[in-house]
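Participant: Construct all of the structure, not just a fragment, from the sequences and the given hints.
Each residue of the sequence shown is one higher than the last, beginning at 1 in our numbering.
Mixed in with the good hints, there may be bad ones.
Dumping the calculated BS3-like pairs for lysine-lysine here, alpha-carbon to alpha-carbon at most 25 Å [to be verified]:
| no. | residue 1 | residue 2 |
| --- | --- | --- |
| 1 | K297 | K154 |
| 2 | K125 | K65 |
| 3 | K135 | K75 |
| 4 | K369 | K3 |
| 5 | K371 | K37 |
These are calculated hints, taken from the structure and not from any lab test.
As the structure is a computational prediction, the values presented were derived from the model and not from experiment.
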Amino acid sequence: MEKIRILYAMETIASGGVEQRRLLLAKWFDPNQYKLKIICTNAIGAIPEELEKFGIEVIQVGDFKHPFHISKHKKVLKIINSFRPHIFHGATFEGIAMAAIGGNIGKVPILILEETSDPQNRSSKANFLLRQFVKFSDCIVAISPNVKNYLINKAKVPFQKIRLIINGVQIPRQVLSEELNVIKNQHSLKNKDFVIGFVGRLYDDHKRVSDLIIAISLIKVPCIKLLIVGDGKDRDKLEKLIEELSVQNKVILVGNQSDPSSFYKIMDVFCVPSSREGFGLVAAEAMLHHLPVVATKVGGLQDVVVDGETGFLVPPLNPKALSEKLQILIDNPELRTRMGNAGYQRAMQHYTADRYCQEVENLYLTLLKQKGILPN
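Facilitator: Written out as structure tokens, the structure is:
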């Protein structure tokens, strides 16, 4: 039997959650049964190289000026006609547009859309467009219960078209003590230091690392350190803020890391200060490292972090609230341990990569059988 061909579409491939999940699927699907290809607007960083190691071609079509950018859809259609996918799975608004428009024109048998964000300020026009795209597709995947609620209550997507598949993350690898010692020495970290961690892109409108830096300036503990893993367009702006607040001796920026596992291992508490978040993969990753999580009460973070049990939820855009909850965890080692263990149990039960990949494959197989592409 011929291989099942799956075409993915998305915005820029960098280091975000969507591309990390595509990498999980690339590792999961048997190359003897499936052939995968990815269309994106742009590709930067290590993940495109990782995908290509698994034999997955990554094709860049350039930025969309709007969802109906004709020259871009012509490029997509050319790829469809060449690859002849059985399934076209689009995520992010650009990817959704590519799958819904190109997939229908190119007569792809199965069209799956995926809402990956917490679109608090999406316009009524954009919600209308999303409804039309869903109308001409088989289903839309919601990555968290919060995103599902948005699709039902704000975007007004028909309930029967929505499939809830909660995100998953890789179980962390074992990290040797020698590796941890090297990192500690590189960044002048001492055993007595209390390390608060952040992992993510430095896009401050979204990730609000500035709020976390301000929160650190409010905590009057001499041995506190903020470890920031990630990079992005607002790094210079954040470095200026660090200088203005005179916390250069408290904040460590280590840039992008292809595998942040060893950095999680030297953290005592993890923080996600985002202004919006469809899911918050890093919160689940931190929980798999037995870390209590202080996160903002937005989007899918409200589904991942159980307030008072696996960490704390605070209002967004509120450095003082962040600092207060961080202070509680600094002062209470037993609470940190209890919350860290509870978070680990929750993540192992709900947020593993294997569970996520199996649910995606089950969706594909169900639709392939419904369309008569695979036998029942």
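Participant: Quick check: which numbered hints come out false for this structure?
Facilitator: Structure breaks no hint.
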